[in-house]
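Colleague: Chains as they are written, first to last, in this note's numbering: chain D, 1 to 378; chain V, 1 to 334.
Simulated from the structure, these hints should not be mistaken for lab results.
Mixed in with the good hints there might be a few duds.
Said to hold, decoys possible - Listed next, the in silico DMTMM-like pairs over lysine to aspartate or glutamate satisfying Cα-Cα at most 25 Å (straight line):
#	chain 1	residue 1	chain 2	residue 2
1	D	K179	V	E225
2	V	K243	D	E159
3	V	K243	D	E125
4	D	K93	V	E225
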Amino acid sequence: MATESSNILEVQDLTMHFPVRSNGLIRRVTGHVQAVDGVNFSVPAGGSLGLVGESGCGKSTTGRMVARLLKPTRGEIRFEGDDIANLSSRELKPLRRHIQMIFQDPYGSLNPRQTVGAIVATPMEIHKTVPEKNIKARVQELLEFVGLNPEHYNRYPHEFSGGQRQRIGIARSLALQPKLLVADEPVSALDVSIQAQVINLLQEVQREFNIGFLFIAHDLAVVRHFCPEVAVMYLGRIVEIGDRDTLYNRPLHPYTQALISAAPDVAQAAVGGRRERIRLEGDVPSPINPPSGCRFRTRCSLAKDICAKVEPPLLQVAPRHKVACHFAGELGKVPTRPVTADFLGVDDAGNPVAGKQPMPGLESPDFRDTWFDLPPQG
Amino acid sequence: MSVSGPQADTPTEVESPTTDQGSQIRGMSPRQLAVSRFRRDTGSMIAGGVVLLFMLLAVLAPILTKMKILRPYTFNSDKLDVNNGSVPKGALGGISWSHPFGLTPGTGTDVMSRLIMGMTFSISIALLAALLTVALGTVIGIIAGSSGKWVDAIIGRIIDMTLSFPQTLMLLALSSTLIYQLERLGVPKGNFARATYLILVLAAFGWPSFARIVRGQVLSLREREFVEAAHVFGASQARIWFKEMLPNLWAPILVYFTLTMPAYISAEAALSFLGVGVKPPTPTLGNILSDATTYYDSDFAYFIIPAFVLATVVVSFNLLGDGLRDALDPKADR
Chain D
1 MATESSNILE
11 VQDLTMHFPV
21 RSNGLIRRVT
31 GHVQAVDGVN
41 FSVPAGGSLG
51 LVGESGCGKS
61 TTGRMVARLL
71 KPTRGEIRFE
81 GDDIANLSSR
91 ELKPLRRHIQ
101 MIFQDPYGSL
111 NPRQTVGAIV
121 ATPMEIHKTV
131 PEKNIKARVQ
141 ELLEFVGLNP
151 EHYNRYPHEF
161 SGGQRQRIGI
171 ARSLALQPKL
181 LVADEPVSAL
191 DVSIQAQVIN
201 LLQEVQREFN
211 IGFLFIAHDL
221 AVVRHFCPEV
231 AVMYLGRIVE
241 IGDRDTLYNR
251 PLHPYTQALI
261 SAAPDVAQAA
271 VGGRRERIRL
281 EGDVPSPINP
291 PSGCRFRTRC
301 SLAKDICAKV
311 EPPLLQVAPR
321 HKVACHFAGE
331 LGKVPTRPVT
341 ADFLGVDDAG
351 NPVAGKQPMP
361 GLESPDFRDT
371 WFDLPPQG
Chain V
1 MSVSGPQADT
11 PTEVESPTTD
21 QGSQIRGMSP
31 RQLAVSRFRR
41 DTGSMIAGGV
51 VLLFMLLAVL
61 APILTKMKIL
71 RPYTFNSDKL
81 DVNNGSVPKG
91 ALGGISWSHP
101 FGLTPGTGTD
111 VMSRLIMGMT
121 FSISIALLAA
131 LLTVALGTVI
141 GIIAGSSGKW
151 VDAIIGRIID
161 MTLSFPQTLM
171 LLALSSTLIY
181 QLERLGVPKG
191 NFARATYLIL
201 VLAAFGWPSF
211 ARIVRGQVLS
221 LREREFVEAA
231 HVFGASQARI
241 WFKEMLPNLW
251 APILVYFTLT
261 MPAYISAEAA
271 LSFLGVGVKP
281 PTPTLGNILS
291 DATTYYDSDF
301 AYFIIPAFVL
311 ATVVVSFNLL
321 GDGLRDALDP
331 KADR
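Just chain V, with the same shape it has in the complex (with noise of 0.2 Å):
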């Protein structure tokens, strides 16, 4: 191998002019290829529909409410069947025009108008818990990936020691007395304060396993000469954690957040049918899955037909988290 003599010519004629005719292409940053894959999976964009089109719901829930489209607080007594339990008169539950979902046994509510409306709260406190723990794991992991040994060890301890509680057993036992710690505090009595509580707990048991996963990405990213090429130039500690590791955090943030919100509304109606979760009259996926369940022999349609909303919320969540690891990170194994 032997480089060609000092001949001075002039490396800018040299190399591929083939850029050179797509001067007016813009190029595709690798968040606008990440959306062009995504685009060209199908399933995923179904998936991607049907989550939008809950969250939109979810959105519009309380106006609807408001306007009285929907009425999830309204008792229809007359349409139950005093005799047989209060269970709805007709078949499935009541099922009907006007009460396309069927009634709830015992009150006599709307069950479409109260699933509705218990997305709005369920999708809330997933939302406002996945928000925290991928905030917490973010902030928290790449401390731990960034910073010595010494801090990063003490942070890998107490991530092992949370992981390691027995959570639920922890929420259940400590769920009355924190509930009346947060109301001492100054959080509004009842459902908000218990809402509160999930979604503090929620976060706080959760934000371990992102912190782990982005210390591992912030170990790996630190060593990248990229990285290393902003130590060069002086660039602060904070620069490089915000400008040069960050946008290079989106793709497992994003995934870990759509892959968060369906586990934490299973949960919800997890800790809901424990009695942890918020009381009724207010409607959330949970409740009202947990007071079916007290009717699935006499009013079968009433346990499927929320039991099959939640699922199909919580696997379209999932369809898009999965999409979206794929269409973020194109090397990745399915």
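The following block holds chain D by itself, in its conformation from the complex (with noise of 0.2 Å):
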């Protein structure tokens, strides 16, 4: 097993829920969104996991639940080593400051009434981290750090450009000195040039203040450069999560392989030509309904008869490689039976094999010492 202490968030089983209503008065509920279904993971303390998928997977879902935006339905999120996921909002002031959150959209996520060193100071003037007479002080070197100019605290969010507006969402977050910043699609709402240096901030940053990362992404190039491990998320659920050379270069899940033909590659078009793209047929299915079993075999060319009876755990491949696929394999080498029948207690079509039982404890949010060799492919 993994040291406990290395990681600074464990996440286990973290599920979430939404009641879907129906119109008129009693409102019934009638269904759920599936936004998040059963998602393990962990970020070590001072390192970063990047958490990849499309728009609608539960990513961004699982990032304000961390940050406890949202009460998860079920499942536990451990904060060094102590669940907060059922914690009342009293009981969570205290930890709120360990736990940051970087937003999204620098044009929504600073008050437009309020001056930025209002802005910056208001998580110290909640926590009383500071003496109020040092506050300005404070917010200036903050200010100064994020690469802005001190002097401008007494200015308005609406007289920045979007980069400079993200810089202040950082520097805000960074008032409390977290120990983990979760960072909600930090640079996708802003333009190529300025997202590196955004990066390169955020970099500084960790590097500067030891933070541990949950840096939520749907661009596979800005999350390979920002995150040693990377989890790729379809449909509520981490389909594949691994190092990033791993993961960028030997994917084993179908959906990871297609998610990283499509990306463009300024290396292979440098060598000339440019990789086979993969084609997904057909759209996400609805999280209200999501297909049985397996939730990506709808437009899995590798599905079969078990993919729709049994969930595939997400199972430990290598050290620090995880996959969720009955037939997981290199691209052009998936094996003929599913490598995962055994671990389920099924047979190869899915189907309950008498007097087998699945072999408990096959997810963890962690790495472990011991994992599954896939079988020899070919």
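Now that you have both chains on their own, put them together as the hints suggest.
Modeller: Following this line, the structure appears as structure tokens:
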């Protein structure tokens, strides 16, 4: 087992189901949007985990639950070993200073009626971490650190560009010296030239303050640059998680393979030609009524009977690599029989085998010292 | 799209140096921007000036009356034509240098003095009622907008009910009993109790529409990321209401207030006409006009002058409100 203490955040079986209500007076609950459904991951102290996926896959909801803007339906969020998933807002308050968030929209995340100084000072006023008379100096220090002119503390957000506003947001999130930062698409609203600067600033922040990052993005290049470890989400589940080199060079899940093949690659362009694009057919199914078994099976070229019957567990297949697929394998080298069948106590078609039980504890937030080798492929 | 490699350039040097030059220039707050927009709008500036003038007159009227410069309560029966239904002698209702707006038929009081003094009472009633309306509307609107489903639903139904009430009818029907109740509760008898009744009733029927506006604003504000950011810091609900949301509600509050004022001034006039308002000899714009309607064929000037003054007050308040709305929310459609 990996040591518990090395992870600042461990998330286990995290689930968020939003009720869907009928129209009318009674407003019965007619279903649930399964935005996030049983997610496991961990963020090492001072490290960063990237969370990627297309719109609506639940990555932002996951971030919001970790920052406890949302109360999860089920599951555990262990921050420094303590479960914060079910704490009341009163109990949360002392913990809030350790978990901060950077928001996506640099125009919406700053109060237009407050000066930059007031905005950055707010967290310090709430938590009284800094004596009243030192707040201004501290605000200016923070503004300077994020690359803004400290004299601008009495200006208003509308006077700044998008990139500068995002810096203000970063300064605000650093005001309490948090241990964990949830960055919810921090650069996706900025144009490309500014993105690089803000990413570099975040890296500097991480080096300087040793902050753990949960970095949510849909841009694979940004995540690859920033995060040593990356998790790919699809329809509320993590389908693959691993260190960036493995994930980008040898993805094992067909969805990850398709995702990476869709991202433009400068290196490939220099060599000439382009990689083969994997085109996914159809649309993402509705999270109100997700497909049975594997959620990706409706768009997967490898799908067989077992995929509709049994949900593949997120199985560790290498020191720092997990994948949730019955037919996990490198592109073009797909195993002929499901690699998971033996652990799940089912036959190759996904039917339960009498007398065999699924192995307990297949999924865990962190990586273990022992893992399941994939059978040799060919 | 690709992020540049991990060369360790400090972002400090990279981004827009434009702001560095302007470090001496103090930033313009949204309020200052609104003020400068308002200044450029000539029509609203004029309306604002007229409103200010009226307000000034309203404030000064009691003092001027004490100093005997205004004589709203002095009878000049010698200047009335007793043989012609006590209509003032002379053309246009007795307009002269000493009585620029003429005299009141029947009593012979100075119309200008009465109008200015009437402004004091009318504007005070409208102002208090509008303040109460906006305060109630803001508080209830914020509660409805930021509370859970049930509270919101209950407040929503109360608003629906209040708005669907036949309020003018209620006002008339309940006036005598409720005024009597107010007097029993210790409110000074007579016009004071009547004015209190007017203020309370106008506010009681006025808050729901503003509460709806505020609720809508709060519903959109609470989904804004800066409110979520405040939650992430652990800000208390009170802090979110007063420090994060309220500053963003000032624009609608101010606009609604300036548009409610003229509505209440004319409502006071209408209710005076129907006999609910403040009674003579205390003048209000409403009861002067109500009195004038009985003389409109024998002394037309006495009817047209108060009507014109009332219209001017109402129109200039309305124009001011419109101008404020445009200045505070440049994106809104006209």
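Colleague: For every hint, state whether the structure bears it out.
Modeller: Here's how the hints hold up against the structure:
no., hint, result
1, D:K179 - V:E225, "holds, 21 Å"
2, V:K243 - D:E159, "holds, 21 Å"
3, V:K243 - D:E125, "holds, 12 Å"
4, D:K93 - V:E225, "holds, 19 Å"
Hint check: no violations occur; every hint is consistent with the structure.
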